Structures are given as C-alpha cells and as structure tokens.
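Trainee: If you want the building blocks of each chain, they are given just below.
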Amino acid sequence: MRWLESNLGLVWDLMLTHMSLCIPPIIIGFLISIPIGWIANRYRLTRGVILVVLGLLYTIPSIPLFIFMPLILGTPQLSSLNVVVALTIYAVALMVRSASDGLGSVDKDVLQAASAMGYSGWQRFWRVELPLSGPVLLAGLRVVSASTVSLATIGSVIGVTSLGYLFINGLQRRIPAEVLTGIVSVLLIAVVFDLLLVLLGRLVLPWSRRDRSVRAKTVARSRTAVLTGAGS
Amino acid sequence: MNLIEQGFAWILDPENISGPSGWVARLLEQLAYTFGAVAIAAVIAVPLGYLVGHTGKGRDIAVSLSGGFRALPSLGLLILLALGLGIGFRAPLVTFVILAIPPILAGAYAGFEAVDRRTIDAARAIGMTEWQVVTRVEVPLGLPLLIGGLRSSVLQVVATATLAGYVAGGALGAFIFEAFALRDYPQALGASILVTALALVLEGIFALLQKLVVPRGVVVKEQREVRSRSSRTRAVMGTPIREGK
Amino acid sequence: MIEFRSVTKQFPDGTVAVDAFDLAIPPRKTTVLVGSSGCGKTTLLRMINRMIDPSSGHILIDGEDTGSLEPVKLRRRIGYVMQNSGLMPHRKVIDNVATVPILGGVPKKQARDDAMKLLDTVGLDRSLALKYPRQLSGGQQQRVGVARGLAADPNILLMDEPFGAVDPIVRAELQQETIRLQEGLGKTVVFVTHDIDEAFLLGHQVVILQKGGHIAQVGTPAEILAHPANDFVASFVGADRGKRALRIQRVGDRDVVVDENGTPTGVLQP
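Just so you know, the sequences run in chain order P, D and F. Mapping to UniProt numbering: the first sequence position 189 is 189, numbers consecutive. Mapping to UniProt numbering: the second sequence position 168 is 168, numbers consecutive. Mapping to UniProt numbering: the third sequence position 266 is 266, numbers consecutive.
One should not assume that every hint holds.
As the list claims (entries may be wrong) - Quick list of simulated restraints, FRET-style, between CB atoms:
#1 D:LYS211 / P:ARG2: 35 to 41 Å
#2 D:ILE61 / P:PRO131: 31 to 37 Å
#3 D:VAL213 / F:ASP65: 18 to 24 Å
#4 P:LEU195 / D:LEU3: 27 to 33 Å
#5 F:ALA24 / P:PRO131: 57 to 63 Å
#6 F:VAL16 / D:ILE61: 44 to 50 Å
#7 F:SER68 / P:PRO131: 55 to 61 Å
#8 F:LYS108 / P:LEU188: 38 to 44 Å
#9 P:LEU200 / D:ASP184: 56 to 62 Å
#10 P:LEU188 / F:PHE11: 21 to 27 Å
#11 P:LEU81 / D:SER18: 54 to 60 Å
#12 P:ILE27 / D:ILE17: 41 to 47 Å
By construction, these hints were calculated from the structure, which means they are not laboratory data. Computed from a predicted structure; not experimentally measured. Think of the CB as a built atom: it goes at the ideal place given N, C-alpha and C, for glycine as much as any other residue.
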C-alpha cells in the first residue's frame with residue numbers, strides 16, 4: 001500500500017500508456033476483421049483457408065512475434081509500433097472467427113425475406129446482416145479486449161513501456177506490492193473496457209437484450225473460450 | 001533478411017544444439033513445462049468441469065472464471081509467484097498450471113453442455129444410471145470440446161513457457177532473455193524461430209488429434225437438415241404495392 | 001395392469017401438473033392419454049417409469065408400488081419411445097437398439113443379434129444397422145426408437161408423442177405399424193398425444209384430459225363419440241362438426257352417409 005501511495009503518479013502514467021497501446025489494436029483489429037469475416041463466411045473455400053492461416057498466426061507466441069516485428073516492419077527495435085502491430089495481428093486472428101460466426105448466425109430466412117422486400121446486397125449487409133450479428137461480434141470483441149490488455153504487458157520485456165514495467169521493475173527491486181499493483185491495474189483496465197463494451201452493446205443493440213442474444217452470446221463465448229487461448 | 005539467416009545460422013550452430021545449455025535441452029524443458037502443467041491442470045479441471053457440466057451448478061462461476069483469467073497478465077503472475085517461491089522452476093510451473101486450468105475447465109463443461117438434453121433424457125428413460133449417463137453419453141459426446149480445451153491450454157502454455165527464462169526457469173526463453181542482455185539479436189531470433197516452430201507443430205498434432213476423437217456419428221452429414229432449410233418460406237412483411245390509383 | 005391411485009404432482013415452481021389422479025390401465029391394450037399442451041399427459045406418462053416422482057399417491061404395476069422399486073431397474077423393464085427418437089448420435093443404429101439389454105448384462109454378441117431381429121420387427125432394412133442415427137430420415141429414426149423401446153422385451157411400452165415430428169404420410173405408416181406391433185406382441189402400450197384422431201385410431205381406451213390432469217372422460221373411442229361426458233369433450237373430439245357430424249341421406253334404396261357440409265363420405269352396408 002505504501003509503495004502505491006508514493007508511486008501513484010507513475011502508475012497513472014503507465015495506465016495511460018498501456019491504454020494507448022491497447023486501444024488501436026482493438027479498434028483496428030475489429031474494423032479489419034469484419035470484411036475478412038464476411039469473405040470467410042461468404043465462400044466455403046475461403047473460410048477454411050482464412051481460419052487456418054489466422055489460427056496459425058495466433059499460434060505464434062507473443063515474445064517471438066514482438067521480436068520478428070522490426071524485421072517485417074523495418075521499425076526500430078524499441079518502437080511501440082512493433083507491439084501495436086503484433087497486438088493487432090492477434091486481435092484480427094481472434095476476431096475474424098467471431099465475425100464469421102456472427103455473420104453466419106444470422107437466420108437465412110431473414111436474409112431471404114430482406115432480399116425479397118427489395119434490399120440491395122449492400123443495404124442488406126448494413127441494415128440486416130451486420131446488426132443481427134451484433135451480439136456475437138460483441139462477445140468476440142470482449143474476448144479480444146481482455147486478451148489485448150493482458151498481452152500488452154509482455155511488450156515491456158522487449159523494452160516497450162506498458163504496465164508490464166511494474167512487473168519487471170518489481171522483480172529487480174523485489175517489491176511484491178509493485179507487481180501486485182501492476183496485475184490489479186491490468187485487470188482494472190480490462191474490466192473498464194469490458195463494461196464500456198457491454199454499455200456500447202446496449203446502446204447499439206437495444207433489441208438483443210435477453211432471449212435470443214443471450215443464448216447466441218453464451219454459445220459464442222464458450223466456443224471461443226474453448227477454441228482459442230490467449231498465448232503469451 | 002540477413003538477420004533471419006543469422007537466426008537460422010544460430011540454430012544450426014553445433015555449439016548451440018547439444019549439451020545442458022543447448023537448445024535441444026531447452027526445448028525439452030519447454031515441453032516438460034507444457035505437458036507437466038497441462039497434466040496437473042487436467043487432473044484438477046476435468047473432474048471439476050464435468051461436475052459443473054453434469055449438474056449445471058456453479059456454471060456462472062466457471063464461465064466468469066474462464067473469462068476473467070483471460071485478462072490476467074501471465075508475466076505479472078509469474079513474477080509475483082517468483083518473488084514468493086524463489087527463482088527456478090517452481091514459480092513458472094505453478095503459473096502455467098493456473099493458466100492451463102480455465103481452457104480445460106471450459107472445454108470440459110462446455111462439452112457436457114453441448115450434449116442434446118433430449119439425448120440425456122432418453123438415456124435416463126431407458127434405464128441408464130447417472131454414472132452410465134456420464135460415462136456412456138456425456139463423456140464421449142463431450143470429448144471433441146474437451147480436446148479443444150486441452151489444445152488451447154497446451155498452446156497457451158507452450159507460448160507462455162518462454163517466460164520461464166525470465167525468472168531463471170530455463171526453457172527456450174532463457175536464450176531470448178540472455179540475448180537481450182548481450183544485445184545478441186541472432187540468438188533472440190533463432191530461439192524465437194524455435195519457439196514458434198514448436199507451437200506450430202503442437203498445434204498441428206492437436207488439430208489432427210481433435211479430428212480423430214470426434215465420435216463418428218457426430219460428424220456424419222445430416223440428411224434432413226440440408227433439405228428442410230431452403231424449401232421453407234417465411235412471410236415477408238413490407239409496404240404493400242398499390243395497384244391502380 | 002398399471003394403476004394410478006390419487007396421484008398428485010406439484011412441481012417446485014408451484015404448478016400442479018396432476019391433481020388426485022386415478023386411473024386403471026388395462027394390460028395388453030393400448031391406452032391413449034390425449035389433451036392439449038399443459039394438461040399433464042407427459043407428466044403422467046413419465047411418472048410410470050419414475051422419470052418424475054409423484055408428490056403424493058401411488059402408481060402400481062401389477063399390484064407392485066413403483067415407489068418401492070429402484071428407478072433404474074424399473075426403467076430397464078419398461079420400453080420408452082419419445083418424440084425426437086432420443087437416439088445416441090455417437091452409436092450406430094444396432095448399438096442404440098442393443099443398449100438396454102447390454103446395460104442389463106446380456107452378452108454383446110447376443111444383444112446385437114437380437115437387435116437385428118428387432119429391426120425386422122419394426123420394418124427397418126438390416127442394411128441400416130451400421131449407420132449412425134443422423135444418416136437416417138426422421139421416420140426411420142422413430143422406428144429405431146421403437147426398436148430400442150422393445151429391446152428388453154418389456155411388458156409395457158410408453159410412447160410420448162412419438163410421431164409428432166414426422167410428416168403426415170410417414171406418421172400414418174408408423175401408426176399402422178404401431179397397431180400391428182401392439183396386436184402381434186400383446187404389449188401394454190401407454191401413448192400420449194394431442195391429436196384426437198391419433199387417439200381414436202390407436203386407443204382401445206382413450207383418456208381425455210383437461211388442465212391439471214383432470215380426467216374429462218375415459219372410454220373406448222365409440223363410447224366417447226356416442227356419449228361425450230360434457231361440452232368440453234364434445235368440442236374436443238369435434239362430435240358436433242366436420243367429418244364426425246355425419247348424417248344419413250336416403251338416396252333411392254340406399255343410405256348414404258354425408259358429413260356436416262353434405263359431402264358424401266360412404267354408403268351404409270345393409
């Protein structure tokens with residue numbers, strides 16, 4: 001407790017830095033995943049290929065991926081861009097499956113009905129498919145958010161500052177309170193992000209509360225939980 | 001590109017391959033962590049998950065547990081435990097067991113939950129005991145999801161086991177952290193390539209295994225489902241087209 | 001003989017599904033429990049093999065109180081067929097049929113041989129034996145369900161809306177098959193349905209149920225049609241309308257039977 005009191009400023013700064021590392025991958029990852037998920041869901045052949053490739057990308061452990069990044073991007077080894085891009089890759093790898101599952105979960109009859117009413121393909125996507133797959137997308141996004149917030153700490157190992165700094169510094173100076181503060185701060189950010197996402201879901205998807213969506217969400221969530229594990 | 005060549009050169013250098021601090025020994029350490037942690041975690045999580053899945057009790061706790069652990073930073077946990085248990089292999093092993101539990105738990109209970117309630121009801125109705133319902137219906141039908149859970153826990157641990165080197169726990173990460181200290185990029189790269197290759201190989205083995213254990217009757221194509229889909233029509237609501245006037 | 005003696009079932013949420021229910025189900029006949037959803041018919045059926053235990057009252061099979069029997073043993077000597085066949089998706093057809101005898105300790109080889117014969121009994125081709133349930137059509141799955149129900153050679157066969165999910169043509173086939181099987185094997189069949197036509201077709205004894213498991217009327221189909229106990233029964237069986245409200249019209253020297261709308265349906269034989 002005393003450590004925290006005298007280092008409140010440092011912790012706050014690190015939390016802000018940590019969030020600035022996490023937010024771009026979550027948002028960019030989500031935006032990239034929708035079209036890829038759509039393609040994966042639209043054509044049977046591409047689905048297999050895309051999911052296998054992303055599955056393999058997700059399998060690459062984070063420390064090696066952070067180390068490979070400067071070679072691929074040509075960035076300096078200590079650039080935070082290395083971490084942001086690597087986290088985005090993980091986010092896409094996780095999110096595309098949710099996007100594909102979500103778009104696939106939309107009742108085919110509803111789509112046929114929409115076409116029969118005269119929606120064009122483009123309109124149908126924006127006004128029917130995307131909103132209806134919202135609950136599954138949201139569930140996927142929550143998983144992405146939690147694992148990104150946790151993974152960003154590993155960046156500190158390769159010298160990119162995040163809340164992971166508290167772990168490394170805590171080990172060197174043998175201060176358990178510092179390490180614990182780091183863990184709690186990470187969990188705090190994860191919880192806040194999760195609550196924000198749930199709130200966003202309520203605003204954007206008011207129709208989905210209870211009945212239908214709850215089932216879709218729990219199914220998608222338990223499936224994602226089983227099929228993917230956050231590699232560090 | 002030159003750097004990648006140097007990375008491979010590091011791997012192929014005989015001096016780095018064998019011996020107690022060669023990469024073969026380190027790779028075996030990584031595997032020992034992985035399978036040791038997953039085995040211990042399975043002993044704990046499988047019965048627990050089956051209990052949750054069979055009775056439906058404690059499901060909410062299990063769900064939030066396996067969800068919440070996703071946000072737990074493994075590096076922080078590892079270091080906290082290392083400060084308590086000392087450096088060496090114990091803190092990493094405990095960390096990896098903790099990391100391995102949630103996916104296995106989720107796989108075990110989700111596997112039971114995925115079994116059609118009506119199949120279980122029928123099994124009871126024809127006179128299976130609770131134990132037989134578990135062993136003859138729920139376990140075989142839940143196996144694919146359990147293997148899925150084991151798969152993700154193995155992959156998670158094999159990746160995270162790299163961190164063991166950070167608290168002097170050996171494994172392939174030892175090379176990487178040593179390389180950081182010495183600014184020896186080829187060594188970091190070479191070890192990274194090995195870790196990645198190991199993860200990909202394990203992923204491949206498990207993908208194959210998962211295909212093999214799915215009960216045959218579960219994968220065969222459903223005859224009726226395919227047909228009934230397209231022929232069904234649903235009322236379309238919209239603005240009626242006005243004729244005349 | 002199955003006897004219900006003032007059986008009451010109240011579920012934990014407070015709903016009374018069945019209230020002080022008395023009924024005698026004669027042996028070697030088909031008794032059909034019929035009523036709309038929520039009348040407690042499935043609850044009654046499931047209390048016979050103790051899938052549900054009554055809150056109070058007794059159910060006797062050949063004079064023996066089922067409450068004193070071990071549920072698992074009881075279930076193994078009573079056949080059970082449900083709406084969705086309830087087959088194990090990971091076991092082949094033959095193994096599904098042989099499940100109960102094997103549970104009861106019959107050697108595997110013999111159980112499989114017996115199961116093969118049962119496929120003949122229910123009119124399934126033996127070539128389907130090694131398929132998985134999902135490779136079969138709905139009607140075929142239902143037949144496998146019936147074969148499984150018969151596998152332990154039970155005296156009693158419970159059937160819970162077994163043909164509710166198959167199309168009308170297959171349903172008609174399965175109904176005829178059920179009549180043939182019951183006559184041939186002499187089982188006591190207890191059948192649950194919400195379809196009064198099915199009840200009249202299959203039932204030697206028909207029990208019409210009202211909400212809360214109250215018996216509106218018990219009798220043979222003819223008795224019920226001839227003397228509906230009250231307005232509820234009359235309207236439920238449709239005695240006063242449509243194809244059941246028949247009249248005789250004299251055409252020359254013959255009696256022609258016509259329905260409510262005057263559409264002829266047949267000729268009375270002298």
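Trainee: Indicate, hint by hint, whether the structure satisfies it.
Mentor: Now for the hints, and whether the structure bears them out:
A C-beta distance of roughly 56 Å is found between D:LYS211 and P:ARG2, which places it outside the suggested range of 35 to 41 Å. Here the CB-CB span from D:ILE61 to P:PRO131 is close to 32 Å, well matched to the stated 31 to 37 Å. The hinted window of 18 to 24 Å between D:VAL213 and F:ASP65 is violated, with their beta carbons roughly 45 Å apart. Range check, P:LEU195 to D:LEU3: Cβ separation about 43 Å, and the 27 to 33 Å hint is violated.
With their beta carbons about 58 Å apart, F:ALA24 and P:PRO131 fall inside the hinted range of 57 to 63 Å. The given range of 44 to 50 Å is broken by F:VAL16 and D:ILE61, whose C-beta atoms sit roughly 34 Å from each other. Hint check: F:SER68 to P:PRO131, Cβ distance near 58 Å, so the stated range 55 to 61 Å holds. The supplied range of 38 to 44 Å is broken by F:LYS108 and P:LEU188, whose beta-carbon atoms lie about 59 Å from each other.
Checked against the given bound of 56 to 62 Å, the beta carbons of P:LEU200 and D:ASP184, roughly 45 Å apart, lie outside it. Judged by the Cβ atoms, the range 21 to 27 Å given for P:LEU188 and F:PHE11 is violated: they are separated by roughly 44 Å. The hinted range of 54 to 60 Å is not satisfied by P:LEU81 and D:SER18, whose Cβ atoms lie roughly 38 Å apart. Take P:ILE27 and D:ILE17: their Cβ atoms lie about 44 Å apart, and the range 41 to 47 Å holds.
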